[in-house]
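Using the sequences and the hints, build the whole thing.
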Amino acid sequence: MILFGKKIPILFSLAVWFFAWEIAGRVELSTIVPPVSRVIAAGITIIPTEKFGAAVAISLRSFAVGMALALLIGIPLGFLMARLPAAGKILGMWVNIFVSAPISALVPILMAVIGIGETTVVVTVFLFAVFVIILDTQVGVKQADRSLVEMARCFGARPYQLYTKVLFLSALPEILAGVRLGVIRGVKGVVIGQLLIAILGVGELFELYSQNFLMEEFWALVIIVFMFAFAVSEAIAFLERRVEYYASAR
Amino acid sequence: MPVDAIVQVKDVGKIYEGGVEALADISLALPQGKLSTLLGPSGCGKTTLLKIIAGLIPPSRGEIWVKGKKVGGPGPERAFVFQDFALLPWANVVRNVAFGLELRGLPKEERDAIARKYIAEVGLASFESSYPHQLSGGMRQRVGLARALAVDADIILMDEPFSSVDEQTRRKFQEELLDLLRHKRKTVIFVTHSIEEAAYLSDQIMLLSPRPGTLSKIVEPNIHREGRSPDEIRRDKNYLDAVDEIWQILKHYV
Numbered sequence: 001m002i003l004f005g006k007k008i009p010i011l012f013s014l015a016v017w018f019f020a021w022e023i024a025g026r027v028e029l030s031t032i033v034p035p036v037s038r039v040i041a042a043g044i045t046i047i048p049t050e051k052f053g054a055a056v057a058i059s060l061r062s063f064a065v066g067m068a069l070a071l072l073i074g075i076p077l078g079f080l081m082a083r084l085p086a087a088g089k090i091l092g093m094w095v096n097i098f099v100s101a102p103i104s105a106l107v108p109i110l111m112a113v114i115g116i117g118e119t120t121v122v123v124t125v126f127l128f129a130v131f132v133i134i135l136d137t138q139v140g141v142k143q144a145d146r147s148l149v150e151m152a153r154c155f156g157a158r159p160y161q162l163y164t165k166v167l168f169l170s171a172l173p174e175i176l177a178g179v180r181l182g183v184i185r186g187v188k189g190v191v192i193g194q195l196l197i198a199i200l201g202v203g204e205l206f207e208l209y210s211q212n213f214l215m216e217e218f219w220a221l222v223i224i225v226f227m228f229a230f231a232v233s234e235a236i237a238f239l240e241r242r243v244e245y246y247a248s249a250r
Numbered sequence: 001m002p003v004d005a006i007v008q009v010k011d012v013g014k015i016y017e018g019g020v021e022a023l024a025d026i027s028l029a030l031p032q033g034k035l036s037t038l039l040g041p042s043g044c045g046k047t048t049l050l051k052i053i054a055g056l057i058p059p060s061r062g063e064i065w066v067k068g069k070k071v072g073g074p075g076p077e078r079a080f081v082f083q084d085f086a087l088l089p090w091a092n093v094v095r096n097v098a099f100g101l102e103l104r105g106l107p108k109e110e111r112d113a114i115a116r117k118y119i120a121e122v123g124l125a126s127f128e129s130s131y132p133h134q135l136s137g138g139m140r141q142r143v144g145l146a147r148a149l150a151v152d153a154d155i156i157l158m159d160e161p162f163s164s165v166d167e168q169t170r171r172k173f174q175e176e177l178l179d180l181l182r183h184k185r186k187t188v189i190f191v192t193h194s195i196e197e198a199a200y201l202s203d204q205i206m207l208l209s210p211r212p213g214t215l216s217k218i219v220e221p222n223i224h225r226e227g228r229s230p231d232e233i234r235r236d237k238n239y240l241d242a243v244d245e246i247w248q249i250l251k252h253y254v
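Chains A and B are the protein sequences, given in the same order.
Numbering (our numbering) for the first sequence: 1 to 250.
Numbering (our numbering) for the second sequence: 1 to 254.
Be careful, since some hints might not be right.
[Unchecked claim] The calculated label-pair distances, taken between Cβ atoms and stated as ranges, are:
1. B:Thr169 x A:Tyr245: 18 to 26 Å
2. A:Gly92 x B:Val20: 41 to 49 Å
3. A:Arg158 x B:Arg185: 25 to 33 Å
4. B:Gly18 x A:Pro76: 58 to 66 Å
5. B:Lys70 x A:Ile114: 54 to 62 Å
6. B:Asn222 x A:Gly92: 52 to 60 Å
7. B:Glu220 x A:Leu239: 52 to 60 Å
Worth flagging that the hints you see were computed from the coordinates, not collected in a lab.
Note that beta-carbon positions come from the ideal geometry of N, C-alpha and C, so glycine has one too.
Here it is as structure tokens:
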């Protein structure tokens, strides 16, 4: 950001917003907005508690399992749809419907079918993340340079070599973009799944804080979840930058 | 058919999905150790024929015989140089040149050593760790050529290799190509739409008619190239006659 001809660090913008938040809290604009300093203090007190640790552990586990399934199923399915026109035609419509559908609406049905527990949250994460991963992988593989595929065949590539040494790397920028979007959706999936179930992990804490009007703790938890989503997404963006040098040159 | 034909094209025809007939009944014999050129107007199916010989496109009719055996796909005795270079954008020059050997499962040190040798031969010794996007078009095609040489195929198939390269680079490249390939006694099958390029490079030129491509004439420039400069060759009577003969046939197709 550039202001009055000077480069302003990103953190400065954050500081301004925190300052405004602090003022709004101090003048008691609304009972749901406590000053940011008290939110941070609340955050520091809840982080070491056993309840918080357990909530984080179970949430991270649901997230990790759901995401792992989304990657293990989403990426191969994207490949399949790109390489087999019939599979692309049959599945394409469904993937496109589900990628834009409000998956949250399905969670109550999942609860009824799978039960009120961690599995439902895992499935929610999976459903939130998987479709965008499928779609982006499919686009990446489809766009792979045809002459690279011909080249590989010409030089004697076996099918698995074609996939690992040419198609996967060629599609990697799109796959990573899909994974980053999938991860962001996956975080939403954990929170929404747990909120609707209301007896698990971070969702349970959110319920607890808002029901008892513990606004400082509530906002502290919001900030922590935001920071987690941002950190995971940035970690994948870092990987994306590592393949950037060839993404634009393909 | 001559006994020394290394590649034989027997009654090959190609009809694409949708009914477009690209090639009709082509039979050719391509002599060992010579540079043969497929020349014709755009859309005469010359690239299609080259890719059929490479085993990349199945013919609708007819057969391809290489070194006395019928072939149905790509093989290690044939290497291809692509019009658009087809280099792996994520791999540096060494890895690109060694790619054919990598696919064959050669250990890394071994294949990199072979790749370095050919990189030096095509004049790219100081660009070993560059990436394709850092190279000019001419340099990229040198990488493509080094990759084809590295697998030590007897037959090198070149699909308009100089069409996306500027004129000066193209001339220099043509001369080097002649030197390199005659020295190595490779059989080359070359596709181009440039009459001068065909006459300058080839031992035999196969003229194709427009769609559906058929063989309309074989021209043998019979140019004496040993020990002569490129400019001398371009003033050679046989060279000029070949250019004229080709033009007299091709102009009816324009």
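Hint check:
The beta-carbon spacing between Thr169 of chain B and Tyr245 of chain A, approximately 25 Å, falls within the hinted interval of 18 to 26 Å. Taking 41 to 49 Å as the suggested C-beta distance range, the pair Gly92 of chain A and Val20 of chain B does not conform, at roughly 27 Å. As the Cβ distance of Arg158 of chain A to Arg185 of chain B is approximately 30 Å, the hint placing it in 25 to 33 Å holds. Taken as a hint, the range 58 to 66 Å is violated for the pair Gly18 of chain B and Pro76 of chain A, whose Cβ atoms sit roughly 32 Å apart.
For Lys70 of chain B paired with Ile114 of chain A, a C-beta distance near 58 Å keeps the hint of 54 to 62 Å intact. The supplied range of 52 to 60 Å is met by Asn222 of chain B and Gly92 of chain A, whose beta-carbon atoms lie about 58 Å from each other. Between Glu220 of chain B and Leu239 of chain A, the C-beta spacing of about 57 Å keeps the proposed range 52 to 60 Å intact.
Of the numbered hints listed earlier, those contradicted by the structure are 2, 4.
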